[in-house]
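Quick mapping for you: the protein sequence lines, in order, are chains A and B.
Start counting the first sequence at 170; every next residue gets the next number (this note's numbering).
Start counting the second sequence at 10; every next residue gets the next number (this note's numbering).
A portion of the hints provided could be inaccurate.
Just some of the chain B residues that point at chain A, by a computed CB distance under 8 Å [claimed, not checked]:
#1 E33
#2 F39
#3 E45
#4 Y49
#5 Q51
#6 A70
#7 L78
#8 L103
#9 G105
#10 G129
Simulated from the structure, these hints should not be mistaken for laboratory data.
Values in this document were obtained by computation on a predicted structure and should not be read as measured data.
Just so you know, even glycine gets a beta-carbon here, dropped at the ideal spot from N, CA and C.
Given next are the chains, with one letter for each unit.
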Amino acid sequence: MAPAGPRSGDAIFASVERVNAELFTLTYGAIVRQLLTDLEEVDEVNKQLDQMGYNIGIRLVDEFLAKSNVSRCVDFKETAEVIAKVGFKMFLGVGASVTNWDAEGTCCSIVLEDNPLVDFVELPDTCQGLYYCNVLSGVIRGALEMVSMKTEVTWLRDVLRGDDVFELQVKLIKQVPEEYPYKDDE
Amino acid sequence: MIGASKIKQYSNVLEKPLSKGKQEVSLSAFAFLFSELVQYNQTQVDNIAELERRLEDAGYAVGARCLELLCHREKCVMFMPFWLSQGNRRETRLLGILSFVHSTVWKVLFGKVADSLEKGTEHEDEYMISEKELLVNRFISIPKDMGTFNCGAFVAGIVRGVLDSAGFPAVVTAHFVPMEGQQRPRTTILIKFAEEVLRREARLG
């Protein structure tokens, strides 16, 4: 039987179980608030959010690969397209697009159309250095690391800080070849 | 780095129009996020009671905001059969607010009304909302050494937040109730209202 082709983000999103985005938004807000109370330093909170995102990403990628049926990506360009078109859609229900490729094809920007994490959110003056959605950068970094790509993900533009869109920069640092866990001669 | 400020559509988040609340995310996204919440809190506490309290506090914040959101939204909605004629009315009676939590709040947050709402038989001030499987507990299994810990404490916090903000202070806890013939126990949210609520309720007749 021929394997099924890759499914579109919309199709997968329609087929998975969904919850109200507001529960998600409010829960994330509660998490950020807890972190701010515990850690107090905005930089620490950013790091912790990234770490949480990383933990999510390393597990999320399994579900992503299982549900989306994408074939192995030929190059990083395809990877970024898949993350933007399929990944964001199937988990968050939002579309994203990939822009600003650099000459070597290792660095690009993912622009989110919408972001359910930031509904009802405003950053107070005391938290101006906070990357509120830093969990998303951790998720992408964690997920890509599990498929042998070391990346660096940073925020270029953030609506909560005054810009008009959410823009993430994803930079491929290196492809880590898969290590074979068993020695041949044992 | 703060980006160069462009003209924002809305200068204040309060001026942005309220969405209809129909947007959805995948269940797994929420489940991952919730698991991170629990895992983070596990690193911050020494015992189970503390962990439950922290989850409850997180839920309290969600509940308070949820009540505000639902009350604002009900005003704008017209001719939606589900909302019946609840717009513009503040719940002042005990049964009113309980059925609001049991139906409206549950429907908005978890996509269905709660399985049952019961009055406690032993005490006058106790009510119970039961659910066969709480959404937050779907992908969670509790190790034996954590005893009676229930991540439903988060949902108990949500209920407490809604009740408190509506003027019905209560102590709300989540418990597992083993059911015969079922592998997974049922979860019961136990609501114990404060004295003043019962006195007020009696006065209102």
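message = To test your reading of the hints: which numbers does this structure violate?
response = Of the numbered hints given earlier, those the structure breaks are 5, 8, 9, 10, listed in rising order.
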